[in-house]
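J.: The primary structure of each chain is shown beneath.
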Amino acid sequence: MPRRIHTDAIVLLRHELGESDRIVTLLTCDQGILRTVAPAARRSKRRFGGCLELFARIEVSLVDLGAGKLARLEEAVLRDSHEAVKSDLLAIAHASYLTELILVFWKERDEAGQAHRLLGDALSRLDRGPMSTQEIRRFELDVLALAGFAPSLDACLGCGTNNARQWVFDHDRGGIVCQSCLTQGVGSGPRNEPVTPSVLRLLRELQKGGRVSFEAAPQTRGAARALLGRIIQGYAGRPLRAREFLRQLAGKGSG
Amino acid sequence: MDAMSRLISLLKQLPGVGEKTATRLVFHILSSSRDYGHALAQSVADVVERVRPCKQCGNLSETSPCRICTDPKRDPTVICVVEKVQDLLAIENTHEHRGLYHVLPGTLSPLEGRGPEQIRIHELLDRLEKDVVEIIVATSSSVEGEATALYIKKLVDSRGIRVSRIASGIPVGGELEYTDRGTIGRALSGRREM
Ligand SMILES: [Zn+2]
Ligand SMILES: [Zn+2]
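Just so you know, the protein sequences line up as chains H and G, in that order. Those letters in the first sequence? Residues 1 to 255, per the numbering used here, in order. Those letters in the second sequence? Residues 1001 to 1194, per the numbering used here, in order.
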């Protein structure tokens, strides 16, 4: 049964379809992620203008034809094109990475109201320039938490202690295990890796929100990035493309 | 499959051609002179055999370097960067650009996994060893087109080469291929330094 919907949305992806149409993947505020077709969007600017650019916040009218079918975009009104993001290469790369994270953790039509708010706020933040590494880590942790995959970092998954000299992160169980539990065989699966106390402290503070109370050394920040990256890749089942893009940019001395 | 069905099914793979159109085209070929049919077949074979990307600029051509790269009347100090050969043709039709071209195999796209290594940007850099004074970036005004322009600007900045971007007027998110000649001409002449 076709259903007419009017909603706010953020453009996550666009693909060409045939000669003149576009497939536009939207993160709506109340209908989850929807794949839509925008008829004649490539040839004519009359109907959609510049509304269907990546990261744009738009108000849309669409006809939902049901699960598994492309919804049909009828009308779009631009609310925020995030022009400033588009004028900074690193900000574009960051916006792309955050967008890909949303696409990894939310499937079509999953409830995603909070993800819509989270990404919307982050894109507005990126209008002021690229994010710091801490801001990116915090977004990753927020996404994991919203999706129900928050890494368990407060206490050992085996014995519950929060005070140990050595920790490992057990990817299969999604949390930390202390050294003494590990020697007893808890969390000794193939997918675990040591976590230093400083990395753990940084991630715990980031996870709680608010300011980080200490200046983390570059290697601590690097290790935290790598650990979160492997956690995310574990859930995604593949390396994230925008992350590889960021790596290539960094390799060329651009961030 | 008989010859007619086979041709119909091959034609159907062309953009914008469905079963009906493909069938109509086949009937048209059959009702035309035999010479026409042979010439059409030969012409398709020639295109497939002879047309290659130009080693220097990426334009499609029967010679490499292509006709544009070897034209002594063109200005080798100005290179216009486009994201596909169709855009090169669209710009050529305006007669506004007298320099050379560089056709990238697409734009940078973090979400599609196309980074600097995938769009062979170093090939453009190699060309800058000669006395290039200006690069006109004529990629589309999409996020990906802007990202590509920003990246080129970043790479070239230290070399004292002017990098300019075609002026707006090309609709936001619009494609050169579908933009009229006058608009492209104005966008080129109104380009601004990045
Ligand atoms: Zn324990
Ligand atoms: Zn050439």
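Hints are not guaranteed to be accurate.
[Stated by the list, open to error] Calculated lysine to any residue pairs in the SDA-like style (CA-CA distance at most 20 Å, straight line):
#1 G:Lys1154 - H:Glu83
#2 G:Lys1084 - H:Ser20
#3 H:Lys208 - H:Ser132
#4 G:Lys1154 - H:Lys69
#5 G:Lys1153 - H:Thr25
#6 G:Lys1012 - H:Met1
#7 H:Lys69 - H:Met1
#8 G:Lys1084 - H:Met131
#9 G:Lys1153 - H:Ser20
#10 G:Lys1020 - H:Gly18
#11 G:Lys1154 - H:Gly251
#12 G:Lys1153 - H:Pro130
#13 G:Lys1084 - H:Arg43
#14 G:Lys1154 - H:Glu244
#15 G:Lys1020 - H:Gly129
#16 G:Lys1153 - H:His15
#17 G:Lys1153 - H:Leu90
#18 G:Lys1154 - H:Pro130
#19 G:Lys1012 - H:Ser20
#20 G:Lys1154 - H:Lys208
#21 G:Lys1154 - H:Gly18
#22 G:Lys1154 - H:Arg201
#23 G:Lys1020 - G:Leu1007
#24 G:Lys1154 - H:Met131
#25 H:Lys107 - H:Asp8
#26 H:Lys107 - H:Thr25
#27 G:Lys1084 - H:Arg211
#28 G:Lys1154 - H:Ala250
#29 H:Lys107 - G:Lys1084
[Stated by the list, open to error] Stretch-level coverage of chain H by chain G, calculated; a stretch enters the list once three of its residues show a Cβ under 8 Å from a Cβ in chain G:
#30 119-127
#31 164-172
#32 232-244
[Unchecked claim] Quick list of simulated restraints, FRET-style, between CB atoms:
#33 G:Thr1183 - H:Asp172: 54 to 64 Å
#34 G:Thr1183 - H:Gly18: 19 to 29 Å
#35 H:Gly113 - G:Gly1113: 50 to 60 Å
#36 H:Gln134 - G:Gly1113: 21 to 31 Å
#37 H:Asp30 - G:His1122: 27 to 37 Å
#38 H:Gly18 - G:Ala1003: 25 to 35 Å
#39 H:Gly113 - G:Thr1077: 32 to 42 Å
If you are wondering where the hints come from, they were derived from the structure by calculation, not from laboratory data. The structure displayed is predicted, hence computed values, not measured ones. The C-beta atom is built at its ideal place from N, Cα and C for all residues, glycine as well.
J.: Hint by hint, say whether it matches the structure.
T.: Here is how each hint holds up against the structure:
no.: 1; hint: G:Lys1154 - H:Glu83; in the structure: holds, 19 Å
no.: 2; hint: G:Lys1084 - H:Ser20; in the structure: holds, 16 Å
no.: 3; hint: H:Lys208 - H:Ser132; in the structure: holds, 17 Å
no.: 4; hint: G:Lys1154 - H:Lys69; in the structure: violated, 42 Å
no.: 5; hint: G:Lys1153 - H:Thr25; in the structure: violated, 30 Å
no.: 6; hint: G:Lys1012 - H:Met1; in the structure: violated, 32 Å
no.: 7; hint: H:Lys69 - H:Met1; in the structure: holds, 12 Å
no.: 8; hint: G:Lys1084 - H:Met131; in the structure: violated, 32 Å
no.: 9; hint: G:Lys1153 - H:Ser20; in the structure: violated, 30 Å
no.: 10; hint: G:Lys1020 - H:Gly18; in the structure: holds, 17 Å
no.: 11; hint: G:Lys1154 - H:Gly251; in the structure: holds, 13 Å
no.: 12; hint: G:Lys1153 - H:Pro130; in the structure: holds, 18 Å
no.: 13; hint: G:Lys1084 - H:Arg43; in the structure: holds, 16 Å
no.: 14; hint: G:Lys1154 - H:Glu244; in the structure: holds, 19 Å
no.: 15; hint: G:Lys1020 - H:Gly129; in the structure: violated, 52 Å
no.: 16; hint: G:Lys1153 - H:His15; in the structure: violated, 26 Å
no.: 17; hint: G:Lys1153 - H:Leu90; in the structure: holds, 13 Å
no.: 18; hint: G:Lys1154 - H:Pro130; in the structure: holds, 16 Å
no.: 19; hint: G:Lys1012 - H:Ser20; in the structure: holds, 17 Å
no.: 20; hint: G:Lys1154 - H:Lys208; in the structure: violated, 37 Å
no.: 21; hint: G:Lys1154 - H:Gly18; in the structure: violated, 34 Å
no.: 22; hint: G:Lys1154 - H:Arg201; in the structure: violated, 37 Å
no.: 23; hint: G:Lys1020 - G:Leu1007; in the structure: holds, 13 Å
no.: 24; hint: G:Lys1154 - H:Met131; in the structure: holds, 19 Å
no.: 25; hint: H:Lys107 - H:Asp8; in the structure: holds, 18 Å
no.: 26; hint: H:Lys107 - H:Thr25; in the structure: holds, 11 Å
no.: 27; hint: G:Lys1084 - H:Arg211; in the structure: violated, 47 Å
no.: 28; hint: G:Lys1154 - H:Ala250; in the structure: holds, 13 Å
no.: 29; hint: H:Lys107 - G:Lys1084; in the structure: violated, 33 Å
no.: 30; hint: 119-127; in the structure: violated (count 0)
no.: 31; hint: 164-172; in the structure: violated (count 0)
no.: 32; hint: 232-244; in the structure: holds (count 3)
no.: 33; hint: G:Thr1183 - H:Asp172: 54 to 64 Å; in the structure: holds, 57 Å
no.: 34; hint: G:Thr1183 - H:Gly18: 19 to 29 Å; in the structure: holds, 24 Å
no.: 35; hint: H:Gly113 - G:Gly1113: 50 to 60 Å; in the structure: violated, 29 Å
no.: 36; hint: H:Gln134 - G:Gly1113: 21 to 31 Å; in the structure: holds, 26 Å
no.: 37; hint: H:Asp30 - G:His1122: 27 to 37 Å; in the structure: violated, 46 Å
no.: 38; hint: H:Gly18 - G:Ala1003: 25 to 35 Å; in the structure: holds, 28 Å
no.: 39; hint: H:Gly113 - G:Thr1077: 32 to 42 Å; in the structure: violated, 55 Å
Hint violations for this structure: numbers 4, 5, 6, 8, 9, 15, 16, 20, 21, 22, 27, 29, 30, 31, 35, 37 and 39, all remaining hints satisfied.
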